[in-house]
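Participant: Residue numbers (my numbering), protein chains in the order written: chain A, 1 to 321; chain B, 1 to 293; chain C, 1 to 330; chain D, 1 to 511; chain E, 1 to 320.
In short, the hints are calculated from the structure, not lab data. Predicted model, so just to flag it, every value in this text is computed and none were measured. The beta-carbon is built from N, C-alpha and C at its ideal position, and this holds for glycine as well. None of the hints are false.
Chain A regions said to be covered by chain B (calculated; three or more residues, Cβ under 8 Å):
hint: 1; segment: 3–15
hint: 2; segment: 145–155
hint: 3; segment: 258–267
Chain E is faced by these chain C residues, among others (derived, beta-carbon under 8 Å):
hint: 4; residue: S160
hint: 5; residue: D190
hint: 6; residue: H217
hint: 7; residue: E224
hint: 8; residue: E248
hint: 9; residue: L259
hint: 10; residue: V262
hint: 11; residue: K264
hint: 12; residue: L265
hint: 13; residue: G266
hint: 14; residue: S269
hint: 15; residue: K275
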Amino acid sequence: MTTYIIKRLIQGVIVLLAVSFICFLIFRSSGDPAISMAGQYATFQEIEEVRKVFGLDKPFYIQYARFITNAIKGNFGNSFVNKVPVLPLILERLPATVELAVSAIFIAFVLGVGLGVLVSLKPYALRNRFIMAGSLVNISMPTFLTGILLIMLFGVYLNILPPFGRGETVIVGFWRTGFLTLSGVTHLILPAFTLGMYQLAVLLRLTRAGMREVLTEDYIKTAWSKGLSPMKVIFKHALRNALIPVVTMTGLQFGELIAFSFVTELIFQWPGSGNLLLTSIYEQDQPVIVTYIMLAALIILSINILVDILYAILNPKIRYD
Amino acid sequence: MIEKFSKSKIIYHYLHDLSAIIGSLLLVLSILSAIFAPMLVPQNPYDLEKVSLEHFLTPPAWMEGGSAQFPLGTDDQGRCVLSTIIYGFRTSLIVGFGVVIVAGIFGVIIGLFAGYYGGILDAVSMRLADIFFSFSTTLIAILMLGLFKQRGVLIVIVAICIADWVKYARTMRGSVLEVKEEAYIIAAKATGANDLRILSKHLFPNAIPPIFVILAVDLAVAIMLEATLSFLGVGVPLTEPSLGMMIAIGKNYIYAGMWWLVLFPAAALFLLVIGINLFADWLREELNPRIER
Amino acid sequence: MTNDHHLLEVDHLKTYFYTFEGVAKAVDDVSLFMDEGETLGLVGESGCGKSVTAQSIIRLIPEPPGKIVQGTINFDNTNLLELDLKQLRKFRGNRISMIFQEPMTSLNPVFTIGNQISEMFMLHKKLNKKESWERAIEALKAVQIPAPEKRINEYPHQLSGGMRQRVMIAMALSCDPEILIADEPTTALDVTIQAQIIDLMMHLKEDFNAAIMLITHDLGVIAEIAQRVIVMYAGKVVEEGKTKDIFEEPKHPYTKGLLQSVPKLGERSRKERKKLEEIKGIVPSLYELTAGCSFFPRCPEALPICREHIPKLTTIGEFHKVSCWLYSDL
Amino acid sequence: MKKVSFIVLTAMFLVFLIGFTGQTMAAESSIVVVVDSPPRMMNPHGSDADSNLSVMANFFDGLMQRKGSDGTLEPALALRYEHPDLLTWTFYLRKGVTFHNGNSFTAEDVKFSFERLSDPKVSEFINTGKNISSIDVIDEYTVSITTKDPTPWFANNMHQVYMMDKESTESRTVGEVQQVPIGTGAYKFLEWVKGSYLKMVANEEYWEGAPPIKNVELRPITEASTRFAALVSGKAEIVSGVPVELYEKIVQNPKLDVISMPARRSIFLSLGNKPEDPWSDIRVRKAMYMAINEDEIIEKVMRGHAFPASQIPDPPTIGYNEGIKRLPYDPEMSKKLLKEAGYENGFEITLTGPNDRYIQDEQIAEAVVRYLAKVGIKATLDVKPKAIFFPEVFEGKLDFYLIGWFDGTFDMGRTFFKLIHTRDKEKGFGSLNGANFSNLDVDSLLQATASIVNQDARKAVLQYINKLATAENIACIPLHYQEDIYAIQKGKGIKFQPRPDRWIVFKEISK
Amino acid sequence: MKSLLTIEDLEVHFPIKEGLLSRIAGYVYAVNGVSLTVEKGEAIGLVGESGCGKTTTGLAVLRLVEPSGGSVIFKEKNVSRMGKHELRAMKKDMQIIFQDPYSSLNPRMTVNQIIGDPMDIHKVYQGSEKDDRIAYLLNKVGLTPEQGRRYPHEFSGGQRQRIGIARALALDPEFIIADEPVSALDVSIQAQIINLLIDLQNDFGLSYMIIAHDLAVVEHLCDRIAVMYLGSIMELASYKDIYLNPLHPYTKALLSAIPVPDTSVKKHRIILKGDVPSPINLPSGCPFHSRCAYRLEICDKEKPPLRDIGGDHYVACFLY
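All chains, full assembly: derive it from the sequences and hints.
Facilitator: Here it is as structure tokens:
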């Protein structure tokens with residue numbers, strides 16, 4: 001197990017380097033940040049000077065090497081646009097994103113697994129056909145559309161839920177949370193559902209497929225033949241097995257949600273890091289983008305490793321030798 | 001799985017599965033309307049001379065101020081919404097099929113060789129897959145915009161493919177690893193068949209079915225992605241209408257009460273995608289060896 | 001005719017499966033009985049309905065597509081088919097228990113074997129966790145698993161096939177059932193392990209005084225341990241009788257053919273090689289049964305009547321019944 | 001178990017209460033203002049974007065300030081200035097001004113602030129900074145600044161060069177300076193949650209007297225429709241950048257007032273005249289001009305919220321020429337001109353433009369492309385985010401692009417050097433002349449203006465240059481001046497007068 | 001006369017990789033020094049329980065798995081040293097039949113294509129000759145030429161096994177390895193396939209290596225039988241000697257464990273203790289010593305060699 005984790009970490013570092021390199025490459029070849037950094041009225045020479053100050057005149061590989069050496073020391077440089085250190089800039093926005101992602105994945109997991117089990121027991125019942133149709137609707141709607149339609153319905157026509165922003169927040173230690181105020185929670189509802197909707201459908205379908213498969217297994221027959229109650233058979237013997245791929249998927253999706261929820265954040269004007277990323281991309285703020293993507297890769301990677309560990313706990317057969 | 005692969009059975013199942021029929025009908029209708037768009041539409045939204053600001057923001061025909069010339073109304077540039085939707089299908093389907101064909105072929109080839117030969121080839125291509133997979137497709141597309149500084153259908157296809165081939169490669173690899181162990185592959189080796197023959201005649205045809213399911217699902221995903229990218233303003237150019245862009249434009253008019261700018265393209269996008277998904281669902285069940293219908 | 005004090009009595013059981021290809025009459029009018037402490041062998045080829053019969057008894061048929069269409073299953077004066085799930089559960093595992101063919105898949109892979117065995121005690125004996133655990137260790141001891149205190153914390157995949165089947169037996173016998181249904185318990189095992197398991201089952205049967213319904217396609221196993229044998233073919237009982245009668249004086253052409261077609265160890269060494277007697281043709285699909293006797297197309301002794309009419313099970317000796325027109329009249 | 005959940009619930013309830021009381025407390029003499037783009041940083045020199053300068057105007061003061069709906073230049077931290085020769089500017093500072101941290105404002109702070117301008121790590125006013133050759137502190141309240149080149153508009157720019165406290169800026173880390181502003185402004189910084197809000201509180205010791213509104217919360221919302229939602233739901237008192245497509249809705253809303261203000265920014269299409277291009281022919285350029293139905297653009301695309309423009313500068317700017325008139329919309333004439341020039345069958349051209357910079361920028365460009373198509377010119381539309389677009393302008397690779405301009409100095413001299421002077425890397429002229437327009441007469445006249453200080457003389461020369469470039473040579477096709485639309489909550493007694501530069505200076509608002 | 005096939009000290013060890021650099025942490029010792037000869041026209045049986053290496057031995061002979069040591073001489077040529085082309089040509093003479101009639105036929109090919117495939121590969125029987133040959137083979141294995149146009153899933157298990165046999169016969173091989181040819185079939189079908197194999201041997205003068213776990217099947221089909229345990233041959237003798245005069249304790253246990261469908265035969269059953277040890281951690285000395293009732297002191301130290309104790313009866317046990 002330990003060797004496995006070390007192996008994954010080493011792989012992760014390589015992935016991280018590759019990812020940062022690709023991002024760096026794209027942005028180096030995409031535009032000259034010095035132009036916008038020098039101000040509207042700067043002359044060609046002044047821009048050249050700016051380039052020198054920021055080392056943008058150096059060859060690409062030197063810039064990259066410098067970026068990486070600094071990054072190892074924890075210094076990811078300053079934002080070209082905001083001129084402040086990049087890492088705190090992103091971290092400051094992270095709690096909003098994490099809270100959104102956590103709520104979304106919570107909704108998706110609880111409802112997805114619950115409905116998935118329900119549907120798997122009697123796949124042909126009318127009610128369950130409706131649930132399945134609903135899940136199909138969910139996976140057939142791009143997130144932005146879900147968001148807009150929810151805003152249209154609840155924010156504009158019914159006007160019962162706030163359609164944008166994060167509401168009132170409270171600082172607990174270093175963490176700015178919206179969970180603890182009523183306004184924070186109501187603001188969370190629409191974006192969390194928007195973000196979680198697609199995942200909900202995916203988890204529902206995965207649970208259903210898993211349950212349907214598991215329910216035909218011999219050990220379920222054994223469990224019935226032991227005289228166990230349906231609750232025990234379904235929730236202990238069947239669900240535990242069906243959950244293995246579901247938990248894996250949930251973990252992977254959670255990573256994705258934290259790292260790449262910018263579409264939802266954009267639509268709901270959520271002050272999270274995804275929104276920051278999007279703004280930075282439009283503003284070509286290269287240090288923010290590269291750092292963000294590296295951070296995202298790191299988050300996804302750590303979650304993947306955690307998922308693998310969880311997988312091993314859930315599935316005693318796996319020992320990663 | 002192969003056991004159940006009887007042709008008559010597939011047709012029978014198909015004809016007895018209402019959702020599969022509805023799904024494929026929706027898909028076929030969209031494809032047909034996309035192909036025959038120039039003959040169908042009241043106004044060609046690509047023809048810059050025909051579109052005129054004169055008719056901007058006309059409501060649907062049945063509403064007050066509506067005109068029979070524009071059954072579903074017009075957008076803020078005076079484009080006929082119905083025509084734009086039909087042309088939008090074109091963009092969606094070109095991107096959708098473009099992605100599944102390009103990413104599919106690339107991914108399948110990589111997966112086939114990685115799975116069959118294993119070793120370094122396998123390790124390298126799968127690590128590569130990890131790297132590309134750790135980006136989200138939307139993000140790649142936005143980054144591509146930075147690289148090319150231009151928008152275009154081709155760039156959208158390339159952008160989506162960059163992360164998308166991974167799905168195919170992984171699925172194909174998994175499928176190949178499974179089929180590789182089948183006795184008929186060993187039997188083919190035992191009769192002295194060379195690698196090329198084994199790959200093409202024995203391995204490929206048997207490892208490919210799971211790809212069909214991915215293909216169908218991915219078509220829907222690619223279409224949704226194109227819409228998302230166009231919605232974000234990094235998809236196809238403004239002059240080549242796409243459903244996502246229509247929604248993006250229309251969203252500014254939600255509060256102004258001009259619902260037709262969002263609702264019609266949204267419904268069109270939704271019907272197209274759900275059609276594909278219905279079909280994909282049916283295909284998945286059909287090709288799934290484990291679940292008896 | 002039948003003894004009134006049978007432990008289990010299955011009457012005119014019909015279990016059908018409704019699928020795409022049509023209706024599969026997996027069990028078609030099967031009647032059988034079991035007495036206390038006896039070992040009944042249920043033998044037949046794949047798809048003959050022997051497993052479905054057994055699963056019908058404790059109602060494990062998946063619905064849909066399966067359905068018990070007709071019949072009664074009387075156990076201790078109760079018709080099991082009339083019970084609701086809650087009542088039925090008092091029988092399952094407690095008074096009638098079952099072990100399955102694949103020891104690899106019939107234990108839940110994500111729970112320790114201790115967890116899975118102690119569940120039985122908690123459920124049927126209402127013991128607490130600790131007591132159940134201790135009883136589980138005893139049960140493992142009873143099936144001769146070495147170091148049960150250690151093994152009890154292991155997961156199924158950590159055990160060999162033989163060990164797993166022992167665990168299944170321990171679980172099945174944990175509540176002193178009156179009937180143990182063993183569905184191909186040794187088919188997946190090697191012969192030397194099979195010998196161990198059969199030996200174990202026979203010992204335990206005496207200790208627990210349970211009746212065993214042994215379902216297998218292996219005539220050798222039946223010959224060695226069953227007291228009575230039921231031969232099934234295409235969902236129907238074709239012959240039934242004491243083991244000695246069936247093996248030494250088989251009446252039904254199918255039984256005869258089956259016995260002759262099996263290569264017997266040492267036969268060639270003793271009697272020189274000859275070609276095996278084979279039953280021509282293939283096992284019929286349950287969807288394409290003919291109107292008359294299902295064995296008719298393959299039967300070397302077929303009569304014209306066999307094509308048209310299904311023969312009835314006729315008694316031809318003490319406990320010996322056969323379903324063949326050669327032995328009965330219209 | 002139960003006990004724990006009880007405690008948790010109570011705790012949550014208490015936090016809720018605190019949350020609510022926090023909300024209600026802020027109600028007294030406070031406003032929430034929604035703007036369309038967020039401040040980037042709290043460093044007054046760090047960004048020359050109006051969105052940032054506007055916010056900084058509340059924390060900081062310049063030596064001068066602009067006031068009122070016409071943007072009159074008035075003294076601020078400087079009481080007056082002298083301009084003894086072409087290169088020298090002497091400022092006499094206001095006495096008794098203190099920074100928010102209590103430090104008093106002196107000539108040393110002015111010197112420090114100007115020096116800071118040329119450090120690219122903290123400043124985007126490099127051009128201004130590098131142009132200064134020396135800063136002499138004459139006494140505690142007098143500073144003399146010498147520029148390298150004659151810069152007639154130097155003082156006109158002083159409202160956006162903010163004065164910082166030398167001591168606190170040097171003693172704090174760069175990061176802290178970027179986050180927490182310490183200025184002399186009418187408002188003191190309270191809290192900034194990036195992406196959410198910026199809170200500030202009145203500076204009771206402000207040299208101009210304490211501002212009427214005590215608490216201000218600034219909420220940036222980039223999505224136009226979301227801004228609207230904030231307004232309608234009553235979450236904001238003042239909203240700037242009201243989308244034109246929602247104008248009617250707001251007017252109809254009885255709870256809202258709409259104020260529209262002609263903005264100074266003009267929108268135009270820049271056009272080059274490289275000899276190999278078809279559009280180097282003045283007839284072609286005229287034809288393109290006449291093909292565009294600007295009235296329809298204003299009516300439909302801008303929903304009537306724009307004014308036709310005939311030139312780049314607006315009336316208050318030095319260089320505005322009343323004599324320049326728009327060419328009429330005449331597609332027939334346009335086709336005729338094209339035929340004369342030998343482009344009967346049109347030609348291909350790419351129209352580039354930003355899609356996140358000006359009001360309806362994308363839509364305007366799209367409409368232009370279609371007008372051109374109607375006279376046979378095949379224009380390809382290529383719109384992109386401003387961060388990609390502007391460097392392309394700078395690199396001078398474009399043929400034809402949509403851009404907007406407004407010069408904070410109210411003097412066209414600086415702008416023309418950027419926009420229509422021939423590109424000259426050595427001298428740094430024409431850096432935003434992205435389509436390579438070149439006219440030597442314009443160039444030489446422009447260079448001559450640098451040493452003209454007399455305002456009337458400047459005006460005359462600049463007007464002439466303007467006419468030469470835009471009317472006679474069609475260096476650009478002017479479209480319109482934008483209109484800024486603000487919405488405010490009715491019945492709260494809010495007095496708000498929009499400024500020509502689109503800044504929102506809170507000390508000018510009362511309630 | 002030279003033997004048709006000579007296997008000498010054949011070893012197959014599969015590496016187990018683990019750790020960061022995928023270094024080899026150990027081996028699965030599947031086959032450990034197997035020596036055998038097969039004469040022309042002879043059928044030899046390989047019996048043993050699952051995991052004893054009998055299938056691996058069969059695959060290694062055809063080089064479908066690479067042997068780690070030892071040599072395989074087929075028709076006086078060393079198979080282990082053959083190049084790609086030679087190996088391919090060799091497969092004309094040596095073929096294999098698989099256990100699972102369901103997975104051993106390519107589901108995407110018709111029966112005709114399956115049987116014709118080897119002919120295409122080796123470019124023999126082209127054109128109409130090929131069709132004739134396929135029809136002939138189908139007939140030979142008891143199927144009709146019409147059935148050749150169908151796909152494998154349309155057949156029952158026994159029929160599929162016939163197709164597999166027809167494929168093996170396609171190139172007119174001299175030697176066929178049959179890996180558990182009947183174990184997946186129903187009892188009544190097993191006899192049909194066993195009889196077919198006997199008929200084909202008589203008709204074509206084939207040599208067989210029959211790999212099976214069922215001693216009764218092997219006894220019926222084979223002239224000589226090798227009993228394998230943990231990758232080694234324990235005993236090798238004629239079918240008669242194996243049954244009537246088993247010497248190795250393992251052979252004895254195996255024989256006694258097999259239930260006989262005959263109520264008249266009552267016999268004493270030897271129950272072995274425990275499970276077969278893992279082929280990853282081979283026991284020292286005799287592979288069987290941990291379960292052997294007649295264990296001597298030497299048994300856990302030294303591996304007994306396979307010795308001829310007279311009458312072509314080989315046994316690997318220190319008792320003899």
